[in-house]
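Peer 1: Join these two chains into a complex; the hints should help.
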Amino acid sequence: MTPHHWHPPRPSLRFIPVWRRHFLLWRKLALPSMLGNLADPVIYLFGLGFGIGALLPEIDGIPYISFLAAGMVCYSTMNSASFESLYSSFSRMHVQRTWEAIMNAPLELDDILIGELLWSTSKALLAGIAILTVVTAFGFVEASYALWVVPVIALVGLVFAALGLVITALAPSYDFFMYYFTLFITPMTLLSGVFFPIDRFPAALQTLSTALPLSHAIALARPLLLGSSPGHAWLLHTSVLAAYFALAFWLAVALTRRRLLR
Amino acid sequence: MLSIRSLTKRYGNNTVVAGLDLTLQRGECYTLLGPNGAGKTTTLRCALGLTAPDSGHIELVGHPVPQRAREARRHVGIVPQIDNPDPDFTCAENLMVYGRYFGLRDADIAARIHELLAFAGLEGKHDTHIQTLSGGMKRRLTLARALVNRPELLVLDEPTTGLDPQARHLIWDRLKQLIRAGTTVLLTTHFMDEAERLSDRLAVLDAGRMLAQGNPRELIATHIEAQVVEVYGDWSNGAHAANGGVVAWAARHGAQYAHRHEVSGETAFCYVDDPTPLLTHLATQPGLRYLHRPANLEDVFLKLTGRELRD
Numbered sequence: 026m027t028p029h030h031w032h033p034p035r036p037s038l039r040f041i042p043v044w045r046r047h048f049l050l051w052r053k054l055a056l057p058s059m060l061g062n063l064a065d066p067v068i069y070l071f072g073l074g075f076g077i078g079a080l081l082p083e084i085d086g087i088p089y090i091s092f093l094a095a096g097m098v099c100y101s102t103m104n105s106a107s108f109e110s111l112y113s114s115f116s117r118m119h120v121q122r123t124w125e126a127i128m129n130a131p132l133e134l135d136d137i138l139i140g141e142l143l144w145s146t147s148k149a150l151l152a153g154i155a156i157l158t159v160v161t162a163f164g165f166v167e168a169s170y171a172l173w174v175v176p177v178i179a180l181v182g183l184v185f186a187a188l189g190l191v192i193t194a195l196a197p198s199y200d201f202f203m204y205y206f207t208l209f210i211t212p213m214t215l216l217s218g219v220f221f222p223i224d225r226f227p228a229a230l231q232t233l234s235t236a237l238p239l240s241h242a243i244a245l246a247r248p249l250l251l252g253s254s255p256g257h258a259w260l261l262h263t264s265v266l267a268a269y270f271a272l273a274f275w276l277a278v279a280l281t282r283r284r285l286l287r
Numbered sequence: 430m431l432s433i434r435s436l437t438k439r440y441g442n443n444t445v446v447a448g449l450d451l452t453l454q455r456g457e458c459y460t461l462l463g464p465n466g467a468g469k470t471t472t473l474r475c476a477l478g479l480t481a482p483d484s485g486h487i488e489l490v491g492h493p494v495p496q497r498a499r500e501a502r503r504h505v506g507i508v509p510q511i512d513n514p515d516p517d518f519t520c521a522e523n524l525m526v527y528g529r530y531f532g533l534r535d536a537d538i539a540a541r542i543h544e545l546l547a548f549a550g551l552e553g554k555h556d557t558h559i560q561t562l563s564g565g566m567k568r569r570l571t572l573a574r575a576l577v578n579r580p581e582l583l584v585l586d587e588p589t590t591g592l593d594p595q596a597r598h599l600i601w602d603r604l605k606q607l608i609r610a611g612t613t614v615l616l617t618t619h620f621m622d623e624a625e626r627l628s629d630r631l632a633v634l635d636a637g638r639m640l641a642q643g644n645p646r647e648l649i650a651t652h653i654e655a656q657v658v659e660v661y662g663d664w665s666n667g668a669h670a671a672n673g674g675v676v677a678w679a680a681r682h683g684a685q686y687a688h689r690h691e692v693s694g695e696t697a698f699c700y701v702d703d704p705t706p707l708l709t710h711l712a713t714q715p716g717l718r719y720l721h722r723p724a725n726l727e728d729v730f731l732k733l734t735g736r737e738l739r740d
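Listed in order, the protein sequences are those of chains A and B. Each position in the first sequence, counted from 1, maps to that position plus 25 in our numbering. Each position in the second sequence, counted from 1, maps to that position plus 429 in our numbering.
Only chain B is shown next, with the shape it has when bound in the complex (with noise of 0.2 Å):
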């Protein structure tokens, strides 16, 4: 559905995608994860033969990318990161102005608006202006209008960026039925949630380089132990009563009872495969409070891209 080979994109001396390799099998939902910066927003702009790269080739649902773009964008739905509906018309009058893009007859949308504006959960929105709509409303109205050409590929930047839980959980509704129904679906977050719920496979991107890649439960059993321990709060043990932070707890005990151990802030991170000996420990420990829970994405995210922020 979509194939890259060795993409290069540089702006300047700013290299943003440094030879990235990905291939999309029909069907399937894949996400790109990274931070800030990693190269997921230039990567799709490159498939979508928005702009074009400095080397590699690029496949789209068959069609050499940038070469036949836009032949290849005739079978493929696009919400941006940033919602751009037109702001002076209705709902319907959205759809009916895009599906004219992709040459539909007006016939032909307007038999869709109401199907596409139902699934949106939009209904009864036929004919509400767009400044009335809500963030959450008009995202769905974005997703809507990606699918009036009825996309073989549904493309997704940060679909649920800055929407509420409600939202977010009626897009990744959505988006499920879709890939259930057979569309491939491409999506950039930061959200491991969202990754974890909805992927197939998806590759974890760092400044342009492609970090990892595979199914979300076999990169936590690859990449990283079965339990993490998060240990927080005042240490007051003994001699030590002193410097009780955690951050003296893990210099000193770190080591001893997690097979890794990372200090973040205030907390220390302690990833174990049996945690067994570190809860005992910390049981005898005063002041010290405690997490247990499964390593998720999350973790595996953190350890591969590391945890200092990212402008």
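Here chain A stands alone, though its shape is the one from the complex (with noise of 0.2 Å):
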């Protein structure tokens, strides 16, 4: 990798026309790419929340269809933007060398990464609001905060977004795409509170979970939904996110230009 690929990436308004081609694509199957981010998270939500619910009726004297509403939140939210930013980037990229075509136009590759990068955040910030208004619909959380929860979806999807374009920037095929689900996104999942506290497990995994970014998505959005505020704690939590998201998108941006601009 030589040092001009490790600018810092160039932002600029030119990403718009990227992002509008991505919108125009989603408006056409707006429908069913919306049912299909929705009936997911449900499931899972009214799956687990009463099937476990019924066994555990409270965790910390708190429902745990409750409990289990903010998790199910960031969860779909990550979901959302990792999908996007992998498989659909991925076959932008690769597959139909739609990268390719927008380069031989008065754009650079910056642009393009920053009107994916945005684009999958956009989807996810849709993902996570869906989910957020059921559960506010059904009276699973707090509605008093749960505006809150809006800002922190954007940050999330802005996080899973660029970690997602980091794994395609090295992916040869889609089949790579698995590694990174089985190997980060499910122990992820696992570790980061969404579906049980991590509170009691063994130390050495509380300390692991304190490193990823899930567990701080959580950790602000399960007490805005539960009706408090997370308290100072907050600027720990998002300066450790968007850490996460500057650092992964710069990352993204270099490994991209090293394959792409040979």
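Careful: at least some of the hints might be erroneous.
[To be verified] What follows is a set of in silico ranges between Cβ atoms, one per label pair, in the way DEER data are often shown: (1) B:G466 x A:Y204: 28 to 38 Å; (2) A:V120 x B:H486: 30 to 40 Å; (3) B:R503 x A:F201: 28 to 38 Å; (4) B:R503 x A:L215: 30 to 40 Å; (5) A:P197 x B:L708: 53 to 63 Å; (6) B:G485 x A:L215: 35 to 45 Å; (7) B:Y440 x A:Y204: 25 to 35 Å; (8) A:M59 x B:E544: 31 to 41 Å; (9) A:I41 x B:E727: 21 to 31 Å; (10) A:R35 x B:S435: 27 to 37 Å; (11) A:Y112 x B:R718: 56 to 66 Å; (12) A:L261 x B:T437: 29 to 39 Å; (13) A:Q121 x B:G694: 34 to 44 Å.
Hints in this document: simulated from the structure, not taken from any laboratory. As the structure is a prediction and not an experimental result, all values here were calculated from the model. Glycine included, C-beta positions come from ideal geometry on N, C-alpha and C.
Peer 2: Encoded structure:
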């Protein structure tokens, strides 16, 4: 990798036509896409919420389904950002050569990547808000702070879109993404407090958990959805997520430059 | 329009472009002709600022490249080697989306879509999805897309590879129209007839170097004998009847009758300025057959780049 690949990303408004291209395509398939986005987390929410909730009436004095709600909001956001920035971006980069066509226009690779990042984040935002609406409408959560979860969803979307673009920059084929899910996303989901609290885990796993971005997302979203503020810790959690986003996106841009600007 | 000086591009230890100089005049059609791996596509990628050269100076429509490649590409239309229209969009949507990348206003693009599709022979395909287009139609759409910004320079990387003759002729016809209208055209190809038909000037590239440059007719006149006689068939002449191949004939008579000759497989290519003695001789050789034709660009190309296969 040569040094010029490591320039920080150069942001500009030129990403807008790239974002609009993705939006135009999404609009054609919006209904099935939104239903797909909602179906998976809602099935988990009701399945686990009522299934496990029946065995485990309360966690720390909270009904299980209310505990699970914040986890599902973050989990759904993460999945949406990941799928878009992995499979869809890879398909546009490698299979359909859409990026190649765009780079023949007066745009740079950085513009394309910012477009991909913000598009994946937009879809994640939609997915997160959809499940947030469901849990609020069913009264599983306190509505008082629910709107504060929207910026959390946006930040979670940015983090996992950027991480996904790192993996996409390295991927030889679609099969590669399976490693990312089985080695990173799935263990992280289990260690981040989506389905159950982590404070009964061995100390080493709890330490590991504090390094994971999804833990910090849940640490922000869960108190907000239970009607309290995350307190001063919000700054720590937000900073960790912001750092994950910034470093991952920088790495994604550098690795993609190395891959495509040869 | 495009000026390249001492361009060098290496991948690891492999030098793909080795000190190339090239100047494109406004309004001309210039062709890079070369076997696979000659460095044609890499030269284009460097010229368009899609990859950074190891050394050399490039100026594209008045802008230094790669420093201001983005500004330069505003005035350039590009038809890539592999078609990459957006597969999920219609023809019209493809042009609209692409025009937006140039910062054009939706209304301005919409006003041009009909004209662009008509130019590419895609009338009535406004709402047709890309998946249902033939290979030739996709290539024509890619050409229409490259014209959305009214480029001063049109760059085409092997524009007719893989197309049927009808589609190739349509592309050639459209390119001639554009050249007549003043668009500068830079293309790569390994089809000789394409280079000969379209270019004002062409360069023969091999292993990243320019072997020759000039007008196609002049190149033929400068680099090669005027006439070619291709000799093939069985040679059965008296004592040599037993080993009656063209190879044996060429070994015995090639140098005698041809200024220069090459044997490739079962054919001897004899390059001559005056074919009469050779043709008189061939008339007395039963079993041998021949094809007599004027020298063409392919002969120049093979002379300069050799006959061995490229991978």
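Peer 1: Indicate, hint by hint, whether the structure satisfies it.
Peer 2: Evaluated hints:
1. B:G466 x A:Y204: 28 to 38 Å: For G466 of chain B and Y204 of chain A the Cβ distance comes to about 34 Å; the hint holds.
2. A:V120 x B:H486: 30 to 40 Å: At roughly 36 Å between Cβ atoms, H486 of chain B and V120 of chain A fall inside 30 to 40 Å, so the hint holds.
3. B:R503 x A:F201: 28 to 38 Å: holds, 36 Å
4. B:R503 x A:L215: 30 to 40 Å: Check failed, 50 Å falls outside 30 to 40 Å.
5. A:P197 x B:L708: 53 to 63 Å: holds, 58 Å
6. B:G485 x A:L215: 35 to 45 Å: violated, 54 Å
7. B:Y440 x A:Y204: 25 to 35 Å: Holds, at about 28 Å.
8. A:M59 x B:E544: 31 to 41 Å: Holds: the Cβ-Cβ distance is about 37 Å, inside 31 to 41 Å.
9. A:I41 x B:E727: 21 to 31 Å: violated, 48 Å
10. A:R35 x B:S435: 27 to 37 Å: Roughly 28 Å apart at Cβ, these two residues keep to the hinted range, so it holds.
11. A:Y112 x B:R718: 56 to 66 Å: Given a distance of about 59 Å, which is inside 56 to 66 Å, the answer is holds.
12. A:L261 x B:T437: 29 to 39 Å: Check failed, 51 Å falls outside 29 to 39 Å.
13. A:Q121 x B:G694: 34 to 44 Å: holds, 41 Å
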